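**Q** Residue numbers (the numbering used here), protein chains in the order written: chain A, 1 to 273; chain B, 1 to 233.
It should be emphasised that the hints constitute simulated quantities derived from the structure, not laboratory data.
Just so you know, these numbers come straight off a predicted model, no measurement behind them.
The following label-pair restraints were derived from C-beta to C-beta distances:
hint, chain 1, residue 1, chain 2, residue 2, range
1, A, ASP249, B, ASN36, 49 to 57 Å
2, B, GLU114, A, TRP128, 43 to 51 Å
3, B, SER84, A, PRO76, 18 to 26 Å
4, B, ALA52, A, LEU55, 32 to 40 Å
5, A, SER105, B, GLU114, 58 to 66 Å
Looking from chain A toward chain B, a few residues come up when the C-beta cut is under 7 Å (computed):
hint, residue
6, ARG151
7, ALA155
8, ALA162
9, LEU165
The beta-carbon is built from N, C-alpha and C at its ideal position, and this holds for glycine as well.
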Amino acid sequence: MYAAAAVGFSLVWGIMNVINIAHGTFIMLGAYTSYWLFVGPLHLDPFLSIPLSMLVMFAIAYVIQRFIINQVIRAPMLATFLLTFALSIMIANLAQIFWSSDVRSITTAYSGSSLAVGGLTIPWVRLWTLLVAVALTLGLQTFMTRSKIGRAIRATSMDVDAARLSGVGVAGIYALTFGIGGALAGAAGALASVSYAITPTMGDAFVVRAFIVSVLGGLGNVTGALVGGLVYGVIESFGALFFGEGYKDVVALAVLLLVILFRPYGLVGRATA
Amino acid sequence: MLELREVNGGYGEAQVLWDISMDVRAGEIVALVGANGAGKSTLLATISGLLAPSRGSIVFKGDDIAGWTPERVVAAGISHVPQSRRLFGGLTVYDNLLMGAFHRRDGGIGGDIERVYALFPRLKERAGQLAGTLSGGEQQMCAIGRGLMARPTLLLVDELSLGLAPIVVEQLLAVLAGLRRDGMTIVLVEQDVQVALESADRGYVIENGRVALTGEARTVLADPHVKTAYLGL
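Take these sequences, add in the hints, and give me the full structure.
**A** Dropping the structure here:
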């Protein structure tokens, strides 16, 4: 789950040098999209609504980048940081106005069932979540390395002016990157809708974790975000197990500190990257 | 082919270019020479659209391209090989070349890559290598190759010789001369006045953002002021 939340966040940070605080609210909107599709007449399973949720969030994120964030993209990082922070407050409050702050949840037929392997019980929902996260990461990785647009996105992140001289429309590339980040948040939201309570502020917890996971994995490193997410999940669970539920964040943040101290380029990154 | 008329420009409030007028005719090599900070690179960036001129016109093949975005300028046929190469260091040589053809929708890209490899066989050997790991000369080859991949009719080359060994510079100049024989028009910006003027048809000397002197390359090279100020003779 953390991996899914972090991949899009890490992409946007690494490529555009934008720390998108609103990423959490994008996840929240994705979760609501799945929720309304689930309770609506279609009664769509949250896992099946992932593509729709991604599409909706791609469009929203694309528009936000194109018309709002693009205005300050060349300003120092603090400007985009504050802007996305403001956006996140705005979006969360709008969600509260429209959908109230009631806690909602999705209960599917398979919600309680799990897979027993040896002495381990793995909830099906978690397993599917992991599979989707891996599939999305691999898909994104392939897109970034093999497609013409993916190549242009990476080139733009390396040298904006050289990319412009090569004929790349940078504003469009940024909007697309942000849109992809939004789509991944939409997918993460759909996944979260199955295992987490759906509220207008549910994104806050995710954006903090996405931040940590991105650093763990190495910035802009898409597979790194996946690995970081898995590592973080494990650390948090074991932290809760050994030190008690209240200390799990302490353990996770301590690990973050250690990573920054000793491997500032991330767990799977290289020093030169 | 390219006509600049009283172009003024620079970076925001800081004006660098003052009433620059310049002509480039099809098929010639024009050298822009001058000291560090004279405005040569600013002029190229203004032509290629990275900077917008505050006044004046830049007419390329009948269109006033002043203020166009770089994407449009590239598509119109002007390719700018920027100073210090500016390769995409984390991409392979091959991907850098492909990036040069980003705006193109035609099917000739594969063939053009082969043409670049024919010009610079070294790039073919290094095709799968990250551009950031190339030597200086190879990087310049890759940058020129990337510029050619846009299939330009006018090639702007900024500081070809900077940081390169004389023998490498000679090789690169020979390639440019070959391109010109095939019909390419080239604007060459250089701090090395001798190198630039010896390989050019005509020259412009830029001083403090103004055209100080212009004429046949041979005439400019023989000018007493140029001799004392730039060649130390």
